[in-house]
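Read top to bottom, the protein sequences are chains A and B.
So in UniProt numbering, spot 50 of the first sequence is number 50, and the numbers just go up one at a time.
So in UniProt numbering, spot 11 of the second sequence is number 11, and the numbers just go up one at a time.
What the hints contain is simulated information worked out from the structure, not anything from laboratory work.
Careful: at least some of the hints might be erroneous.
[What the hints assert, rightly or not] Here are the computed lysine-lysine pairs in the DSSO-like style, where the Cα-Cα straight-line distance is at most 30 Å:
| id | chain 1 | residue 1 | chain 2 | residue 2 |
| --- | --- | --- | --- | --- |
| 1 | A | Lys-277 | B | Lys-190 |
| 2 | B | Lys-190 | A | Lys-87 |
| 3 | B | Lys-321 | B | Lys-10 |
| 4 | B | Lys-7 | B | Lys-321 |
| 5 | B | Lys-322 | B | Lys-10 |
| 6 | B | Lys-317 | B | Lys-10 |
| 7 | B | Lys-10 | B | Lys-324 |
| 8 | A | Lys-88 | B | Lys-190 |
| 9 | A | Lys-87 | B | Lys-317 |
| 10 | A | Lys-33 | B | Lys-190 |
| 11 | B | Lys-317 | A | Lys-88 |
| 12 | B | Lys-326 | B | Lys-10 |
| 13 | A | Lys-277 | B | Lys-204 |
| 14 | A | Lys-33 | A | Lys-88 |
| 15 | B | Lys-79 | A | Lys-262 |
| 16 | A | Lys-87 | A | Lys-186 |
| 17 | B | Lys-339 | B | Lys-321 |
| 18 | A | Lys-33 | B | Lys-204 |
| 19 | B | Lys-79 | B | Lys-147 |
| 20 | A | Lys-80 | A | Lys-165 |
[Stated by the list, open to error] To list a few chain A residues with every Cβ distance to chain B over 10 Å, as calculated:
| id | residue |
| --- | --- |
| 21 | Glu-127 |
| 22 | Pro-128 |
| 23 | Met-158 |
| 24 | Ile-162 |
| 25 | Ala-169 |
| 26 | Met-175 |
| 27 | Gly-181 |
| 28 | Lys-186 |
| 29 | Leu-237 |
| 30 | Ile-248 |
[Unchecked claim] Cβ pair distances, simulated, as ranges:
| id | chain 1 | residue 1 | chain 2 | residue 2 | range |
| --- | --- | --- | --- | --- | --- |
| 31 | B | Gly-272 | A | Lys-262 | 33 to 41 Å |
| 32 | A | Met-56 | B | Leu-171 | 54 to 62 Å |
| 33 | B | Asn-175 | A | Val-276 | 34 to 42 Å |
| 34 | B | Gln-334 | A | Arg-178 | 53 to 61 Å |
| 35 | B | Arg-104 | A | Phe-131 | 45 to 53 Å |
| 36 | B | Phe-85 | A | Ala-84 | 48 to 56 Å |
| 37 | A | Val-61 | B | Met-26 | 55 to 63 Å |
| 38 | A | Leu-148 | B | Val-181 | 50 to 58 Å |
| 39 | B | Ser-197 | A | Met-180 | 33 to 41 Å |
| 40 | A | Leu-66 | B | Phe-302 | 29 to 37 Å |
Note that beta-carbon positions come from the ideal geometry of N, C-alpha and C, so glycine has one too.
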Amino acid sequence: MTEFLQYVANGLVSGGIYAIVAVGFITIYNVSKVINLAQGEFLMLGGMVAVAMIGMNVPYVIAVVLAILLVTLVGIMMQKYVIAYVKKANPISLIILTIGISTLFRGVASLIWGKDAFALAPITSNEPISFGGVMVAQQSLWILAAVLIILFLLWYLMERTILGKKINACSVNPMAARLMGISPAKMSMLAFAISGATGAIAGIVIAPLSVTSYDIGVLLGIKGFSAAILGGLGNPLGAAVAAFLLGIVESLGAGYVSSGMKDAIAFLVLIGMLLVKPSGIFGERSVGKGGL
Amino acid sequence: MKQVIDKWGKSFGIYLILMIVFPFVMPDEYYRSVGIIIGLHAIVTIGLCLVMGLAGQISLGQAAFWGIGAYTSAVLTTKYGLSPFVGLVASAIIPGLFAFILGRAIAGLQGYYLAMATLAFGYIVQIGITEWEPVTGGANGMISIPKVTFFGDSELSMYYLIWGVVTCVLLFSLNLLHSRVGRAFRAIHKSEIAATSMGIDVRKFKLNAFVVSGMFAGISGGLYAHYMGILDPQPFGLHESIKFLTMVVIGGMTSIWGALVGTVLINFISEGLIMMSEVIPGLQGDIDTIVFGAILVLIVMFMPEGLVPRLRTLYEKSQAKKAKAKAANLQSDQRVERKATT
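The following block holds chain B by itself, in its conformation from the complex:
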């Protein structure tokens, strides 16, 4: 924990201030709802970042865990009348269980096989939700899912509830980075063979990352269900999984902060595009699809490490340059002084 504070204290302070102040800078209910959605997405992308950046795997089915979480909590609360709290706990456990089973099954897979398996899983879940009509309501979806009212049911209290969860998830993940587990993950990412020979159980670590990411996505899904109040299977498909992927990739796969920054950025771009399509009538179709596709391609081509790591290296370079210039100045000053004295 101490290392985390040493290394991330400044960033974390800035994060806390921005997070707390945002709903008052933008006192409009609409912007608060955007803030809530960003928070929900951030919980998923931080989990995905653990899988991609740390364990060096890829998941193209993250929206499926999100969907399982959402439907778990929605069904438990609406059909069986349980309290949303129980629903939310279940919405972490059930997707975690799914992730565990899938993760165990595909632990030996790598690269393209893994991508394919998670993609197929995503499709199966979406089709399953649509087809299991007696429980999930099928394509028509579910309505009147109870709100979460731990702190009251205003938009503002929901905002703080969700960002509270984001903060917990963030702390957990940052802490993980600086533990034995985090070091093991980085070793796996660099070279699996070397990691294995150092006695790291690569399979177990990968599985853990997968399960944690599934649970995060599930919690976020549960919160999403209670926040929206209605559900249908449509948002839990490939399109959303690719959106999550874009968020993680643009921010920088290897950086938890990158996932957060990427999430905020992509959501702002989405909002901007919606505003633009209201002004420009020619923009039919999925403009956001084009933009996300282009971002993925351009990032891999020109900035494979992502935005946050790139900015950090730039910042460090400029700091180093400044220090160098300072040293050079000092030297020349001394020389001048010496000349003056002689």
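So that you can see chain A by itself, here it is in the shape it has in the complex:
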């Protein structure tokens, strides 16, 4: 039983990270109907920039804040200079475009930082805490806390503020939103900024637990996207729940089946889901074909 709970606990932590990535995807998708396949690279950039700055003797807190700001800026620039430029592109072109951006980021990162893996010092000590036999690293608690805070803030922003209403308006009907004096372009930029910032935070909090390197973004991005689809594309709450489920299933699979098959299990779940119910567990919010 302890073993089972241990796997569930591990799953919750990785599920939390997938949740942040998934919500990042959906934030952008809802506003601009773009699936940003470079989302995972935001996490990589966040972690790597923080590690690099701490390596240059910048204090921990400042390095973290700078890393988050930098990645947010990258998100904004990406929207402003690339995504906005190809507004009329068809979905296949958009997929190719964001895959290209992701490949580009990965290549640049490998050029700057090399292919080694780096570890970041944990926020508090390395000593794991025992909950009735289930050992949990202190960093895992930080991760869960960060995830919950981010999810809460996003929910608050979307549901309780005027800005959130504006973003929602753009996702429901961009034309009507524009007539109301809301600029969809600006909201889209804001969405990219939000998912850049949340991605960077996620990348930084996981860096102490699992080492960070130039290529961690691909898998994290794909799993986050899987969670977004599992939960029903366009539905942030569904995505967060699906992300935790995915994390737990994966962790149980790694524990009881084979640790090498861990990633394959997540993808089998995804393909299975696409076959049975492509609209996800909670249904696609923005109804459309394949999310288009």
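Starting from the structure of chain A, add chain B where the hints point.
Just chain B, lined up with the frame of chain A:
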């Protein structure tokens, strides 16, 4: 076939000459091996072009079919001692079967879902190959895969064998473009709804394109295994799938010739980068990743139709201009003549 000759005769002639002459212009074994790799890639990208350009779908897992083909033939010949010919036939059938099952399963999916499903499939295959150690040798891979010796085992005969296959694949695909199937595909690409209402079974056509592309990739993979003699799971991942994607996109998704030109271009760029990294020591990491990423982004931003269709329109425009100028000249000449006579 006749239409194909009418429309593509000139291009095809140029292709044949270049293809046959290349190993003698570059008599170095190294360049012949580059030629062989280009040929292997071209078989995959022509298939991918059918899926992307014609059926308007996307596959981010093409390297997986390539890998399945490679391992099918390698396992059959090395472990069970079958002849490479049998291995190659199987390396077309097995990936085709995989493509059929996957294609059937995801036939209803579009856009992002399709991209995601093929991407996930690619990962599963690579992980599967790595984990199925008793058969595939796992991460250590396989060694001493027999060579294909239909025409002898020199680099040159391998070159012609592979480009022979490329030519068959090319003819098949060009022919397809000008058949009922090709027209149906173009209709699907323009508007699925309109195509459906004209009685085209969109699902069936998409599935066929997917299976054909899987088989092409499989054949290429089988040839790759026998040519290299060794195999490991590493080249059959996302990186290679993105490379194939780049080749098709840079040449022009809607053009079979584009896929071919793109393949040659990207391979030359790769070779150039390898040479550069020998000269410039600072180029650690994956320079090619940066270049491919940049190419994908720039092409979508500034030349979404791709290189070959763009060049063709430019050429046609300049022809039209020339014809116009000629006509204008003729007119003014006549005017001058008339003036002179009066």
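Evaluation of the provided hints:
no.	hint	result
1	A:Lys-277 to B:Lys-190	holds (27 Å)
2	B:Lys-190 to A:Lys-87	holds (19 Å)
3	B:Lys-321 to B:Lys-10	holds (22 Å)
4	B:Lys-7 to B:Lys-321	holds (22 Å)
5	B:Lys-322 to B:Lys-10	holds (21 Å)
6	B:Lys-317 to B:Lys-10	holds (19 Å)
7	B:Lys-10 to B:Lys-324	holds (24 Å)
8	A:Lys-88 to B:Lys-190	holds (16 Å)
9	A:Lys-87 to B:Lys-317	holds (27 Å)
10	A:Lys-33 to B:Lys-190	holds (21 Å)
11	B:Lys-317 to A:Lys-88	holds (25 Å)
12	B:Lys-326 to B:Lys-10	holds (24 Å)
13	A:Lys-277 to B:Lys-204	holds (21 Å)
14	A:Lys-33 to A:Lys-88	holds (12 Å)
15	B:Lys-79 to A:Lys-262	holds (28 Å)
16	A:Lys-87 to A:Lys-186	holds (14 Å)
17	B:Lys-339 to B:Lys-321	holds (27 Å)
18	A:Lys-33 to B:Lys-204	holds (28 Å)
19	B:Lys-79 to B:Lys-147	holds (14 Å)
20	A:Lys-80 to A:Lys-165	holds (22 Å)
21	Glu-127	holds (34 Å)
22	Pro-128	holds (29 Å)
23	Met-158	holds (22 Å)
24	Ile-162	holds (30 Å)
25	Ala-169	holds (23 Å)
26	Met-175	holds (22 Å)
27	Gly-181	holds (30 Å)
28	Lys-186	holds (21 Å)
29	Leu-237	holds (20 Å)
30	Ile-248	holds (19 Å)
31	B:Gly-272 to A:Lys-262: 33 to 41 Å	holds (38 Å)
32	A:Met-56 to B:Leu-171: 54 to 62 Å	holds (59 Å)
33	B:Asn-175 to A:Val-276: 34 to 42 Å	holds (38 Å)
34	B:Gln-334 to A:Arg-178: 53 to 61 Å	holds (57 Å)
35	B:Arg-104 to A:Phe-131: 45 to 53 Å	holds (46 Å)
36	B:Phe-85 to A:Ala-84: 48 to 56 Å	holds (54 Å)
37	A:Val-61 to B:Met-26: 55 to 63 Å	holds (59 Å)
38	A:Leu-148 to B:Val-181: 50 to 58 Å	holds (54 Å)
39	B:Ser-197 to A:Met-180: 33 to 41 Å	holds (37 Å)
40	A:Leu-66 to B:Phe-302: 29 to 37 Å	holds (33 Å)
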